[in-house]
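Take the given structure of chain A and dock chain B to it, following the hints.
So you can see what is in the structure, the chains are spelled out below.
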Amino acid sequence: MKRALRICASVVALAAATATMTAAIPVAAMADWLEDAAKPLKGTEINGIFLDRPGYRAIIKLLPEFEKKTGIKVNYEIVPYENAREKEVLNFTSRGDLTMALVDLVWIGEFAENGWLVPVDDLAKDKAITDPDLNLKGFFPLLLDAFGSWGGVTYGLPFDNYSGLLFYNSCKLKEAGFDKPPATWAELKDVYGPKLTDASKNQYAYALQSRRGETQSADSFMRFLWPFGGSLLNKDFKSNLNSKESQTGLAFRQDLMKYMPPGDVSFDHAEAVNALAQGQVAMITEWSAFYSTLADPATSKLGDCLAVAPEPAGPAGRLPALGGFSLAVASQASPEQQKATWLFIQWATSEAIAKAYVDAGGVSGRMAVYNDPDVKAKYKFVEPLVASWQAGVPEYRPRFPAWPAISEIVAEWGSKMMLGEVTVEGGAKEIGTRMEQVLGKEGYYDGKKKLLQ
Amino acid sequence: MSEAMRAAPTKPNRGYGRWTPLWFLAPAVLTLFLIGIYPTIFALVTSFRRYNITRPREGFPFVGFENYVAVLTDSTFWSSLLLTAKFYVTVLPIQVVLGLIVALLLHKPGMGLLKSLARVTLVVPLATTYAVVGLIGRLIFNRDFGVANQFLSFAGFGPVDWLSTPGGAFAAIVIMDVWQWTPFCALIFLAGLSMVPGEIEEAARLETSSKLALLRHVQLPYLLPGLTAVMILRSADVLKLFDMVFVMTRGGPGSATDLISIYIQRVGFRIFDLGTASAQAILLLIITIVISRLYIRLLYREVQ
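Heads up: the sequence lines are chains A and B, in that order. One gets this note's numbering by counting positions in the first sequence from 1 and adding 145 to each. One gets this note's numbering by counting positions in the second sequence from 1 and adding 1 to each.
Rather than coming from a laboratory, the hints here were simulated on the basis of the structure. It cannot be assumed that every hint is accurate.
Claimed, not checked - List time: in silico DSBU-like cross-link candidates among lysine-lysine, alpha-carbon distance up to 35 Å:
| # | chain 1 | residue 1 | chain 2 | residue 2 |
| --- | --- | --- | --- | --- |
| 1 | A | 270 | A | 334 |
| 2 | A | 232 | A | 380 |
| 3 | A | 586 | B | 87 |
| 4 | B | 212 | A | 232 |
| 5 | B | 212 | A | 586 |
| 6 | B | 87 | A | 232 |
| 7 | B | 87 | A | 403 |
| 8 | A | 206 | A | 184 |
| 9 | A | 525 | A | 206 |
| 10 | A | 574 | B | 109 |
For reference, chain A alone in the conformation it holds in the complex (with noise of 0.2 Å):
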């Protein structure tokens, strides 16, 4: 008997050491490739841009630990998402000093076409810099495919990773008589908007950040067309926002301002943000990572009534927003700077740190780490968000080098759409003439350019 309890007793030890021993191989593996890797590039400096937002803040949090075993320097000036595009775009084309590029989704177009990127495959070849576990097939084949890729070429590799969610008060919804969050737009709108909004109270059902600028065309405006079957162009390039289907979308959301706070139309990603923290909404559609600041006591009162669930669906089927940053390797750098920010970014997206990126406040496109039953157990962002990117539009917002032009007219006339200075089919129009405009000169009716978005 004893021997059995015995024989137990180390089958038990051997499996707990072995499962201790499989769980940090990666881990160790990464740390041996990586400093045999860098030993060559002890010394080399990088440069980028970051942003002050928590994916940016988590790798900082962990930037020594890459530092000390590589000896490479990485520095860093972080900008407002607003300056971001200038300053690279102006480093790039005065071939400055950045090796390293932060490549927002709509920005991959611009970048690539213009030279500014390192294809991936091109570094890859060199075995002696790239991680034997890269596995490009670990992240989220959608945020490849979207955040990297242009043209069938991959640039980028997944850094900071968004999708659009429901952000909801449970509790608000509780008292309201509701035990799930609405699961339609049509049902956000007809059955929970009338029971959420008080306006005597203050209280409203929804907040949309509709700030003239990015934040309207891509937070606001877009966000009702796919759903609802609707989308910017056709496949010839031409305006649909006079289509059946995308006017369904965007009189959906001028009829939803009725359960929106006053003010709506000039709120940003903060006072969205602080709407819902603070109690004067129910829901808001955000972006991933604000979850960390809603579930941040420091900033938020919702506490555990804080509740997170996929966008609705529309018509069309779930369709949620899709934004987010790759990094990749400037072509300007030389060539052991393209090595050592090659190896940077290796490192701050691999599998290896996933999990630490994540505890630190990062949203990783590595599909593995979600299967982490502790992640999962942690984060309540988690299960929606892998839903939302199982399947989603790529090009949710046209990634082409037109798209900053024609995101101005869309935010300037999204808006006065939304105060009803004109009507959704008369500014549909006036957005689509213009579009249409930009779009002839890129060269996209003559046979002059591919139609790729």
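This is chain B only, laid out in the frame that chain A set:
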């Protein structure tokens, strides 16, 4: 003796020659050329080229007046310019009147310490960065916890959607601009008032008890050069007003606060069409010069 001394030939000063003034002037002229003239010439040349730095493969060819034609036929450019003019004619009279009132109060005799303190505090808004003024504005005009609505509630008015309605947003940027630039007008007018000779002012006070008559006939001539300067500087300033408005409203909602500088920045640094943006900037420069000449011709009078 003194005649003899005067007649004696003077020794040439070795440290001073024909070119000496040039050496003293050279650093200033060079600096002015580098930071003022060269960028203007560059903008002028760029305005005749197709110059989009995000399309380097297309090159930067000369296109004659193409950019100018595009600007002059662009309805958004004209509506932004019109809005800027509306902003200017709204803020300037308020700033001039308030500035004059403040200057006259500070010009009154007595309460020396308080006046010195007031003069110093007048500099605070002027020294505040535009972007910070915009941030302060966003807080003041926040619908739910802003000070503006708090004051209105004391007077029994309901909350106003300052930044989310076209009228409210325009009013908000007007108020912030008035807050920042009224002290400038006050200081300029105060300098003008201090130029009025004391005996003339005293004599005038004995002649009339009407403060308006005193202002009209004695003080105003000394204020006109300052007023001309205020108008020239403020018109140039309003045409390039960007940071405060961008931080507060980003030109929205809709195009309610889309001043010309916001529009040019968008064309130049969002779309990176520097050719068109340069053409717009050159046209603005021409407008500023014409307006300044008009002010000088119509208003400026040397005090006799």
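(message) Of the numbered hints stated earlier in the document, which are not met by this structure?
(response) Result: hints 1, 4, 5, 10 break, sorted rising.
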